[in-house]
Amino acid sequence: MKISVKLIATYRELLPEGTQGNKIEIDVPEGTKVSDIMAQFDVPQDDSSVIVVNGLTVTLSTILVEGDEVSAFSAIAGG
Amino acid sequence: MNGWHGKILRVDLTNQKTSVEDIDPKIARDYLGGRGWAIHYLYNEVDPMVEPLDPENKLIFATGPLTATSAPTGNRYMVVTKSPLTGALAHSNSGGDFPTWMKRTGFDLFIFEGKAEKPVYLWVNEDEVEIRSAEHLWGKDVPDTTDTLLAATNPKAKVACIGPAGENLALMAAIMNDKDRAAARSGVGAVMGSKNLKGVVAYGRKNPVFAEEKKMRELSIKIAKEVGADMLAGSSLREYGTAYVPQVTNTLGILPTRNWQTGVFEGVDTIDGPTLTEKYLIKPKPCYRCPIACGRLTEVPDGPYAGKGEGPEYETISAFGSGCGVDNLAAVTKANYWCNELGLDTISAGMTIAAAMEMYEKGIIPEEDIGQPLRFGDADAMIEMVQKIAYREGFGDALAEGSYRLADKYGHPEIAVTTRKQEFPGYDPRGSQGMGLLYATSNKGASHMEGDVAYEEVFGVPIKEDPLSTDGKAELVARFQNAFTLIDASGLCVFLAVRYVFSADRMIWPVRLSQLMEYTTGLTYTPKEVLDAADRVYTLERLFLLKAGSTEDTLPPRMLNEPLPEGPAKGHVNRLDDMLPEFYKERGWDENGWPTEEKLAALGITK
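Line by line, the protein sequences are chains A and B.
FYI, in numbering that gives the first Met the number 0 the residues of the first sequence are 0 to 78.
FYI, in numbering that gives the first Met the number 0 the residues of the second sequence are 0 to 606.
Please keep in mind that the hints were generated in silico from the structure rather than gathered at the bench.
Beta carbons are placed, not taken as given, at the ideal position from N, Cα and C, and that holds for glycine.
In silico SDA-like links for lysine to any residue, alpha-carbon gap of 20 Å or less:
#, chain 1, residue 1, chain 2, residue 2
1, B, K569, A, G66
2, B, K463, A, S48
3, B, K361, B, R557
4, A, K22, B, D268
5, B, K6, B, E127
6, B, K463, A, N53
Cβ-Cβ distance ranges computed for the label pairs, FRET-style:
#, chain 1, residue 1, chain 2, residue 2, range
7, A, K1, B, S502, 39 to 45 Å
8, A, S60, B, D301, 47 to 53 Å
9, B, P564, A, L59, 26 to 32 Å
10, A, Q19, B, P54, 54 to 60 Å
11, A, L59, B, A150, 58 to 64 Å
12, B, E392, A, I25, 50 to 56 Å
13, B, I281, A, D26, 38 to 44 Å
14, B, E125, A, L59, 54 to 60 Å
Produce the complete structure using the sequences and hints provided.
Structure, rendered in structure tokens:
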């Protein structure tokens, strides 16, 4: 199934070289969890990251479905 | 005294006299400094019902015990007065260099009273204090005023001043310092203008004395090293400034777009931090002794929006960018430059223009009133309106009153997205429930700077909270209000404070901040004691607000009745009623929001 991964601000660097913008679409097997995606892109899976799916709060064990957008950014003060 | 100087400089503008007084040591300790000391004087000396632009109102510049110390980001000051925009309390915060230089004059506070007959500026060179004519400066913009004042005094001094917006009493006029930093919100610049006070120049070498020099130095270095390591590891704030935030809020569906009609902006990729860094950033620009350096020195090299200056930060982008439906970052940056030069709050200016755009498109404001079309996305019209606001020229006169008065004038107050008539900052409370409670109850009208629970709801600092949930938000908002009051009173910057001098749990306990206060002042300050003192400050501010007649804690109809139409928060409104009663209990206020007698007694406040 296809999902998209959006890595914001400094986490953009974790996307494959040559990626345009901050988002990439990938194919993953059914049953893929948020934690699998984070591991694939080397996103820290602790309080130093904020991770959401379709903009909503999730746990790392949340199972993804077709069309989901997983977004992550470094937890830091804002504006 | 240690940490504080304990000295207040009182400036009687009406009689052109200055005087110096000592602060009562008990007041000093109980009210912490900065914003805390300022409300003590304002509450005791100014009738809360005073007309904000009347000479009877007072304007207070306040540094804290950690301003001009070795504590990283100890470079802030507060401007406190009664606001002409909100009719309630104003406390606006700024960094840069000026606050440190002000503290080094040997005074903690400047209190401006009355009104000068003709334009003046104040020159404080330690104990040599002069009120000088500023008639030749009236009408000049902020950079010109700053350069002229430095040439006339000491090039090593620092300047805070108003631009044309403050002179013309625009209700969103800022007080600018070091040219590009702003005590921006609530129209503090209009109060300064109403007093015919064009600028303040500060110079001195009176660094505060620390009670425990060695401990202070060691803890400051430890904190600075931690921040430095984080910056080296790659920090979004250093790389992009707060301009990285539009991608975050857009992802959560809470980026204010076209005057809050939605929370998702299709043009976000063209107005975000990476775009700013790649196209216009010259270099990050830190405030004095700041290891973070979120400020942006930028240049738009060519084209219709060419210019050079500082910004934009997130709030400016959300107001002039998505808020006005403008996807052109050069135009947003240009609007920011104009605001800095003319002395305007970018949030209220941008969001007021956004409200006017909505009313124009809906046929509520006729084109002949504006003198031209004013559609969402029209960057040129937006920039022209900024200039008109500062000079109250043409339609700018109506815009200069802020979005609430503008919308009310045209019979549609519901279009203004304000609380206490102050425009919202860039977090839609329909998708960020705690922020809604914060805006509704903030002592200064809608503001993120009075207890920014977006730290947890949006940014995951120190931990992530579900922004769509109301559970526990009453307690969280009350805690953050006290924590931010403490930070403002101390003289530190919130960007450093929440992450590095509080505990990393949900309720952020001020462990290191209380130590910094102890080492600086030599007084015993446990974490509980500093939070209690912050509670005292916040409560006294609340009393001032209530006595000014600003008693309604609510949100505008769009937030309570119009669900977000798309995005992650689609279908949500803000559920203020679910949080407000619990919040009042949490704060020790009665069901109408008044602090109870027991609460006041516990805090040692006499009504």
